[in-house]
Amino acid sequence: MDFVDYQLENKEQFWAELDEMTSGQIHSSSLIESAVKSFLRFTALYMDEYLVADEDLMRCCYKFLDCPVFVKHRGHVRRKLITTLVKDTCSLQMMIILGVILLLDGRAHVETFEMMEEEQACRLVIDVLWHRRDDGPRLHQIFLELLYEMCRVQRLQYSDMEAVSDDFVEYLFQAVEHNEDYDNDPYSYSVIRILLVLNEQYMLLASHVASSEKYYEQLENRIVSILARKGPTYKTFGTNIIILLNREREPCLQLLILKMLYQLFTTDSTFEYFYTNDLRVLTDVFIRELHDLPDDSETLRHTFLRVLHPLLAHSQLRHSHYKHEELVKLLKSLAGTSRSAHYLPISETMARLVSRCMRVPWLSFRFAQDELHLQQQQQQQQQNDLGMSFIQPTDSATSSASTASSTLSLPDMAVTLPPSPTRKGPDVKSTPLGSGLIAGEA
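In my numbering, the protein residues as written are 8 to 449.
Misleading hints may appear alongside valid ones.
[As the list claims (entries may be wrong)] Below, in silico cross-link-like pairs of lysine-lysine (DSSO-like), each with a Cα-Cα straight-line distance of 27 Å or less:
| no. | residue 1 | residue 2 |
| --- | --- | --- |
| 1 | 70 | 87 |
| 2 | 44 | 18 |
| 3 | 70 | 18 |
[Claimed, not checked] Computed spacing ranges between beta-carbons, pair by pair:
| no. | residue 1 | residue 2 | range |
| --- | --- | --- | --- |
| 4 | 143 | 69 | 50 to 56 Å |
| 5 | 114 | 355 | 35 to 41 Å |
| 6 | 366 | 127 | 34 to 40 Å |
| 7 | 366 | 142 | 49 to 55 Å |
Just so you know, these hints were derived from the structure itself, not from any lab. Here a beta-carbon is modelled for each residue, glycine too, at the ideal position from N, C-alpha and C.
Please build the complete structure, drawing on both the sequences and the hints.
Here it is in structure tokens:
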């Protein structure tokens, strides 16, 4: 598998040479490292000629992941790949090859991302995204995916988050605001995911610092602080995360969006960051999701309710009272106090979260009105019942009623009750990371 520098005449020769390089059996540690280096040099050299298409690049990287050297010596080879990325001076082509191999392997084996964190690769990934942002969209997209996956499966180190600068975060917001890849990614999905997962990392870090016996200076959440200072400049981010929440069915990303919304609706300077029309769309999404989520999606339902309270209490909705009737019906249903409520008992946490939403001032007024109206109806019914008890039917009326009732059969008199309502919705699983970070509640 030693690399020999020579010119290939066509694509078939490239793949034939690659097959030969990845088919050998090697057991010596020094030979393993030599084989890995030869593969990287060979593929980097001919990337611009034979690995231009993404499907060819993926095919090449999967050949490496399936070769005997990698399969039998995963730990050793992974470490070699990561240290090469972190410590060596790599060409653009070699960084792309390394990034794709580590990304594919990490998605199948989470220990790859954990090893990258051990080797302090996160700071390198951030550095590439920031300082090599002009090296082409291919490298940029691969390293965006790498950073997202690394953040998604683990808490980053304090030193990693120190590497996230205001300039880097603003660069990400600007990429969303001035999307240069609109045709392929109209909502800047890949960049928005980074902003969302970094926000969660700040939340995890704050929780860790607060509970740690070792002293750490609390790091500012740069995602929220930049929106607090420059929110009007970066409105597209807000619009797009609401669009994504409306369409997203993946629980992990739904929770990331909800955590971002919670941060914004509980920070004074970002209470009114969103456009009012976007808030109305968001309210409609909340009503739909809380109606439709299945009973086994308790974690996600609780998170929606935790965000609903500051959304109603702090945003522009406190002035417009949008969809107040639907919200009152929804909360009554969730609390089990309406005629359309489900008959399953609700948990203590659920009852507490619903009660908190009901106490939002402009909604609590509606609940008080409904309660007063119900009491008036009950009083009127009692008066009607009392009045009817003094009316004695005449003999002829009794006889007529008896005659009329005798013409009705039992089936005619039966009342068919409608079936009790059931929730419909996607089968949603809770995220394994940080699902209880909002408000510190279970």
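**Prompt:** For this structure, which hints from the list above don't hold up?
**Reply:** Violated hints (numbers, rising): 4 and 6; every other hint is consistent with the structure.
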